[in-house]
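Chains as they are written, first to last, in this note's numbering: chain U, 8 to 116; chain D, 5 to 119.
Each hint should be verified, as a subset may be incorrect.
Claimed, not checked - In silico DSS-like cross-links for lysine-lysine, where the CA-CA straight-line distance does not exceed 25 Å: (1) Lys-49/U <-> Lys-82/D; (2) Lys-86/U <-> Lys-9/U; (3) Lys-107/D <-> Lys-28/D; (4) Lys-28/D <-> Lys-86/U; (5) Lys-113/U <-> Lys-82/D; (6) Lys-52/U <-> Lys-28/D; (7) Lys-28/D <-> Lys-103/U; (8) Lys-28/D <-> Lys-72/D; (9) Lys-72/D <-> Lys-82/D; (10) Lys-52/U <-> Lys-113/U; (11) Lys-72/D <-> Lys-113/U; (12) Lys-103/U <-> Lys-107/D; (13) Lys-52/U <-> Lys-86/U; (14) Lys-52/U <-> Lys-107/D; (15) Lys-86/U <-> Lys-113/U; (16) Lys-107/D <-> Lys-9/U; (17) Lys-72/D <-> Lys-107/D; (18) Lys-49/U <-> Lys-113/U; (19) Lys-49/U <-> Lys-103/U; (20) Lys-52/U <-> Lys-9/U; (21) Lys-86/U <-> Lys-49/U; (22) Lys-82/D <-> Lys-28/D; (23) Lys-52/U <-> Lys-103/U; (24) Lys-9/U <-> Lys-72/D.
FYI, nobody ran anything at the bench for these hints, they're computed from the structure. This structure is a prediction, so every number in the text was calculated from the model and none was measured.
As a plain string of letters, each chain reads:
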Amino acid sequence: RKEVEQDPGPFNVPEGATVAFNCTYSNSASQSFFWYRQDCRKEPKLLMSVYSSGNEDGRFTAQLNRASQYISLLIRDSKLSDSATYLCVVNTGTYKYIFGTGTRLKVLA
Amino acid sequence: DAGVIQSPRHEVTEMGQEVTLRCKPISGHNSLFWYRQTMMRGLELLIYFNNNVPIDDSGMPEDRFSAKMPNASFSTLKIQPSEPRDSAVYFCASSPQGATNEKLFFGSGTQLSVL
């Protein structure tokens with residue numbers, strides 16, 4: 008079993024739609040959680056950290072469920088510019104950032 | 005700030021040749037990571053340096069891979085001899101302290117193709 012698992016997609020959604028991705032992790036001792044965004048042929052960039060109480064940044068909402076060992080990302084009012092691959096990242100201690108293989112999102116006009 | 009700088013952006017080489025990838029981390033960051041990204045396996049950590057010292061090289065695939073960080077502003081990843089299965093995108097990333105909740109800053113990556 009992979010340490011971090013994501014549905015690869017693609018998720019094809021129309022502009023303005025709401026879309027949600029989940030990510031599961033296997034290490035119950037994981038300490039911190041993140042969502043990164045990666046555009047085609049570009050480097051990953053931090054989208055947002057995920058806090059225990061859940062957090063929001065504009066149209067983006069991230070949530071953590073430690074009991075079930077998953078994190079989620081909700082995108083409201085999707086824009087064409089949101090089209091990208093979203094990487095779930097789990098930190099299991101100091102430098103150990105484990106990346107999921109990503110969920111691809113395509114927002115359609 | 006110039007960000008993490010990697011070179012070359014693209015490298016095409018023949019099997020058996022030596023390949024050297026270069027990275028300049030963000031000034032003041034004391035943690036440096038080399039990752040490899042493939043479609044099948046995603047991003048995999050190859051090696052981690054802290055204060056120029058290799059802390060964890062357990063992700064280095066085999067002895068053909070080596071990495072150095074001679075000073076705080078420069079690191080290299082070398083593959084010798086290269087093989088077609090080494091074809092991937094290699095990313096260098098840095099972070100300020102190497103703490104558990106830090107943002108990783110990635111370079112633009114090196115697309116390596118071994119023919």
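Quiz item: What are the numbers of the hints that this structure violates, sorted from low to high?
Solution: Numbers 2, 4, 5, 11, 24, in rising order.
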